[in-house]
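Asks: Chain by chain, the residues:
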Amino acid sequence: MLAAVGPPAARRPDPQRYAMAKQQQTVLERQYSRLGLLLIAPTVLVFCAVIAYPLVSAIYLSLFKIFTPTLEGTWVGLDNYRTLLVKGEFWTSLRANLIWTVGTLTLQIIFGVGMALVLHQNIWFRSLARSLILFPYFISTVVAVLVWKWLFNDLYGILNHLMISAGLIDWPIDYLGTMPNAMISVILVGAWKYFPFVVIAVLARLQSIPDQLYEAARIDGAGPIARFFDVTLPQLREVLVVIIMLRAIWDFKEFDLIFLLTGGGPVTSTQTLPLVVYKEAFALNQMGMAAAYAVIMMLIMLVFMILYMRRTQREDT
Amino acid sequence: MLRKIAFNLFAWSIVLMVAFPLFWMLVTSVKPQFELFRRPPTILPETWTFEHYWKLLSDTNFLGYFWNSVILSTTTTIVVVAIATVGAYSLVRFRYKGRESLAFLVLFTYLLPSVVLILPLYLMLVQLGLSNTITSLVIAYTTFALPYALWLLRSFMAGIPEDLESAALVDGASRLGAFWDIILPQLLPGIISTALFTFILSWNEYLYALVLVNSDDARPLTTGVMNMLISSFNIEWSLLMAASVMMSVPLIIVFAFLQSYLTRGFGAGGVKG
Amino acid sequence: MKNPSMISKGISRRGALQGLVATTAVAAMPMRASAQDVTLRWWSPQGAPAQVDAYMAQIAAFEAANPGIKVVFETTSDEGYAPQLAAAFSSGEVPDIVTHLPSFAIQSYYANGLVEPFNDVIEAIGADDYYPGANDVFKAADGNYVGTGIGNSAANMLWLRKDLMAEAGISDAPRTWDALRSACQAMQKNGIYGAPLPYGRNSMTTLIFVGVIHQAGGQVFDTDLNVALDNQATRDALEFYASMRELCPPGATNYSWGEAITAFVSGATATGIYTGRVLGNVNAQNPPIADSVTCVTYPTKSAEIPAWTFNDFPSVFIPKQSNNIGAAKAFAASLFNPDGYIQQLHAAPGHVLPVLKSINNNPAYQSNDIIQKYPAEVELMSQAAAGGFNLGYESANHPSNDKAGEVVGSGVIADMVQRVVLNGENADQVIGETTAAIDSIMNG
Chain S
1 MLAAVGPPAA RRPDPQRYAM AKQQQTVLER QYSRLGLLLI APTVLVFCAV
51 IAYPLVSAIY LSLFKIFTPT LEGTWVGLDN YRTLLVKGEF WTSLRANLIW
101 TVGTLTLQII FGVGMALVLH QNIWFRSLAR SLILFPYFIS TVVAVLVWKW
151 LFNDLYGILN HLMISAGLID WPIDYLGTMP NAMISVILVG AWKYFPFVVI
201 AVLARLQSIP DQLYEAARID GAGPIARFFD VTLPQLREVL VVIIMLRAIW
251 DFKEFDLIFL LTGGGPVTST QTLPLVVYKE AFALNQMGMA AAYAVIMMLI
301 MLVFMILYMR RTQREDT
Chain C
1001 MLRKIAFNLF AWSIVLMVAF PLFWMLVTSV KPQFELFRRP PTILPETWTF
1051 EHYWKLLSDT NFLGYFWNSV ILSTTTTIVV VAIATVGAYS LVRFRYKGRE
1101 SLAFLVLFTY LLPSVVLILP LYLMLVQLGL SNTITSLVIA YTTFALPYAL
1151 WLLRSFMAGI PEDLESAALV DGASRLGAFW DIILPQLLPG IISTALFTFI
1201 LSWNEYLYAL VLVNSDDARP LTTGVMNMLI SSFNIEWSLL MAASVMMSVP
1251 LIIVFAFLQS YLTRGFGAGG VKG
Chain Y
2001 MKNPSMISKG ISRRGALQGL VATTAVAAMP MRASAQDVTL RWWSPQGAPA
2051 QVDAYMAQIA AFEAANPGIK VVFETTSDEG YAPQLAAAFS SGEVPDIVTH
2101 LPSFAIQSYY ANGLVEPFND VIEAIGADDY YPGANDVFKA ADGNYVGTGI
2151 GNSAANMLWL RKDLMAEAGI SDAPRTWDAL RSACQAMQKN GIYGAPLPYG
2201 RNSMTTLIFV GVIHQAGGQV FDTDLNVALD NQATRDALEF YASMRELCPP
2251 GATNYSWGEA ITAFVSGATA TGIYTGRVLG NVNAQNPPIA DSVTCVTYPT
2301 KSAEIPAWTF NDFPSVFIPK QSNNIGAAKA FAASLFNPDG YIQQLHAAPG
2351 HVLPVLKSIN NNPAYQSNDI IQKYPAEVEL MSQAAAGGFN LGYESANHPS
2401 NDKAGEVVGS GVIADMVQRV VLNGENADQV IGETTAAIDS IMNG
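Chains as they are written, first to last, in this note's numbering: chain S, 1 to 317; chain C, 1001 to 1273; chain Y, 2001 to 2444.
Calculated from the structure, these hints are not laboratory results.
Small disclaimer: the values here were computed from a predicted structure and weren't measured.
All C-beta atoms in this analysis are idealised placements derived from N, C-alpha and C, irrespective of residue type, glycine included.
One or more hints might be untrue.
If we take Cβ atoms under 8 Å as the criterion, some of the chain C residues that face chain S in the derived model are [as the list claims (entries may be wrong)]:
1) Leu1022
2) Thr1060
3) Asn1061
4) Leu1063
5) Trp1067
6) Trp1203
7) Pro1250
Go ahead and model the full structure; you've got the sequences and the hints to work with.
Replies: Laid out in structure tokens, this is it:
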């Protein structure tokens, strides 16, 4: 990460040569940094155009009351924020957002670490097993949702059928339409879709734990469970912290999965903040209010984001 | 030995449970519609049929959406990977004022939620007269794909030893010459990983496509399939499952032939960022 | 507003956004003017394959008669058209012609200046050919017509299975809620449910429940368009709807039109609630029950309360931002040419019913197999639809309500149903909050 700039031309204590070389080096250095700036220029341009500028506009938009179809707006200052903070909908959505994030993240971590431990062992057809586990992470959310909706189907779904014939239930379960089922289902599908990320990240770390540590623990008479808690878990700590922060950020902003599975229902029980933004902008035609929701949501996430970035920064140096 | 077998059975039953929804998707897609309404449901199809695939390809606009998705994802990937490769080179191997804060900015945008950008971006594209085009989606997709690609390539770049480049420079190569001859070949596996990830991200994107495009000329698969098949007159699950399988075709190809690149991408960018 | 410096200067009044809209129009114009051939985009939520085939035939006939004009058909959906059109209007990338949207949606768009008046097209089609009053629902406050009907639909017919009724010993079709409930109870067995009423957070639930309120003798708005929910009728409607929950499939909590019709047609429910599209679907997808289906108007709380049929008045309208209004109007009028129109109606017989007398009396229209097979049902639906209403037009005494589209789009009525029926919240409080929410939409 710390780049050496230019060849190490002058190390000798010859003052004249040193001065000359230094002069040369600064010329070269200046050239290089100019080239470096040239190479980063496209990135910076794109960032300004499609990220920085929209970000500023989002804040600007949130100060207007805008009717979406006509885009006619009136300046309302901070009114949107005031209305939003006293409206129950913001707080219930934030609550749903937190329940979803914590719930699905916990399951992802538990399943993910468990599965990684299993795949770390030498099981039959390990690479095939790994492919099968990895697949849910890469399929489109649209596909995942369609498949799960079909599994959950009340009349013809296989899940209800299997559970009825196993004698677990007498009556089909309504997985997506009532509470708490809807939230549980969304959390489960989220866990299914995203836990492979944890598996792969943890697996990579597991493979780098030196065998001597386990040997030593075994000699000390530690059983498999003690070995997990004494050796594996401390070794995984670092990577788990990073995974948890990253997944927390991504899960918090999830839109597709919840929007397509429940649309936020029943009532607003699974309506998270990204769904409110969409609803305000295009169903209620209040684009300014939608922007206010988006800005508030970003502010909440900023806490996680800064925590994560500081951590990454520290690792880099 | 017995323990090993028991453990294997345990491990594989979990793996199969995780994979079951995908198996069920395949099975449903080859069952005739009337068999779906059978109670109790059949596990394996009694009658195999490919009529849904045929119907999808011949009677619907599926191929149109598929083509849009191919163009969209390919263009996004090329644009993003090209910009990100030189950008990452600059971020890792050059020194200039503001470099650190730039790297910080990349990470920040990498974590930024799309919902925040989508409204102003939408207005901006409308203003440029680009709304409802594939171009508008390419522009929108760079908002998440470029930070992602930069972040991945940055870690790949950092993994290339600097001595090689220095040696070439001592031999009189120019900086760009060294980049072309030394860095790029070394970086190629990383570029392939990044390209695959970018492609899959773009292929699967839903929210931007939902908001920015409302015409079949530019609609990609994700929104196209939902718009076309979730209708008010009939819900045909076998058709939906056939569409799901077909949507996953590029992914299946990647999995069959290029999977090691995907895992590598995880190692580089997945954990750190 | 795309200029960040404006923020610091504080020039941020209404003008900023209007400036944006103006720039959009200017920026977009040259690109479009350069196009030689005209392409019309046509949207409809009615996109069943047979219907699309009929549309294609109508397009082909129009294109043959009007060289240089191309028409492209694209489907939207009943649950998705509102956000899609909101985005289309704000981007200026509008379809040139939109069909089969409910009348109240167009009234809302017209009130915001987004719809081209339709008077001349109605003249071109032939104002005298319509059934009397057929276009009243499309009349705006300023006296213009905002669109016209492309058909009538009776969307909340009660569909029945004569075979299951006979099995359960029910001789007459239910006329009241009590009769409906006991019939459903008697027929709910062997994995078959009583009814597929929608309890989802979607527009079907809103639209159907507005009907239920009327079937209790109530109304959503009074004739001065004040919210009139807070009364016994709404409470009765909610109570009835809650009592039907156990007679509906578990997943009814997410049902919209597609799930509701599929449930009845596949035989999973003993009764159904839908338009005449059931007839075509039953014959195509589940022929064994085709001879046993019939329909009546949906029961009411008591025999004294007349039936209230929900007719969304499937429409045709032209967005004002279309760049080809002339061509779009010509095409809209051509949709009513007998050959193409009859083929379109036949694509879902009994689903969309003709609004023109000359078509209904046309032997070619009457000669359809399904219409021949179910003459009583089709006649009943025609009668019911002709006397039907919707939220934008709750009774003959109500003025047109141009906020109805937004009330439906906001989903507050579906939310009310979900809160009371699924969450078991106190009905009085929920009705009060719903009233306040609708009030704020009406004043907003």
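Asks: For each hint, tell me whether it holds in the structure or not.
Replies: Going down the list of hints, with the structure as the test:
1. Proximity of Leu1022 of chain C to chain S holds as hinted, the smallest CB-CB distance being about 6 Å (cut-off 8 Å).
2. Violation of the interface hint for Thr1060 of chain C is found here, the shortest Cβ-Cβ separation to chain S being roughly 15 Å, above the 8 Å cut-off.
3. Restraint check, Asn1061 of chain C versus chain S: the minimum CB separation of about 16 Å is more than 8 Å; hint violated.
4. With its C-beta approaching chain S no nearer than about 17 Å, Leu1063 of chain C sits outside the 8 Å limit, and its interface hint is violated.
5. Given the 8 Å rule on beta carbons, the hint for Trp1067 of chain C is violated: about 16 Å separates it from the nearest Cβ of chain S.
6. A least Cβ separation of about 7 Å between Trp1203 of chain C and chain S falls short of the 8 Å threshold, and the interface hint therefore holds.
7. With a least beta-carbon distance of about 10 Å to chain S, the hint placing Pro1250 of chain C at the interface is violated under the 8 Å criterion.
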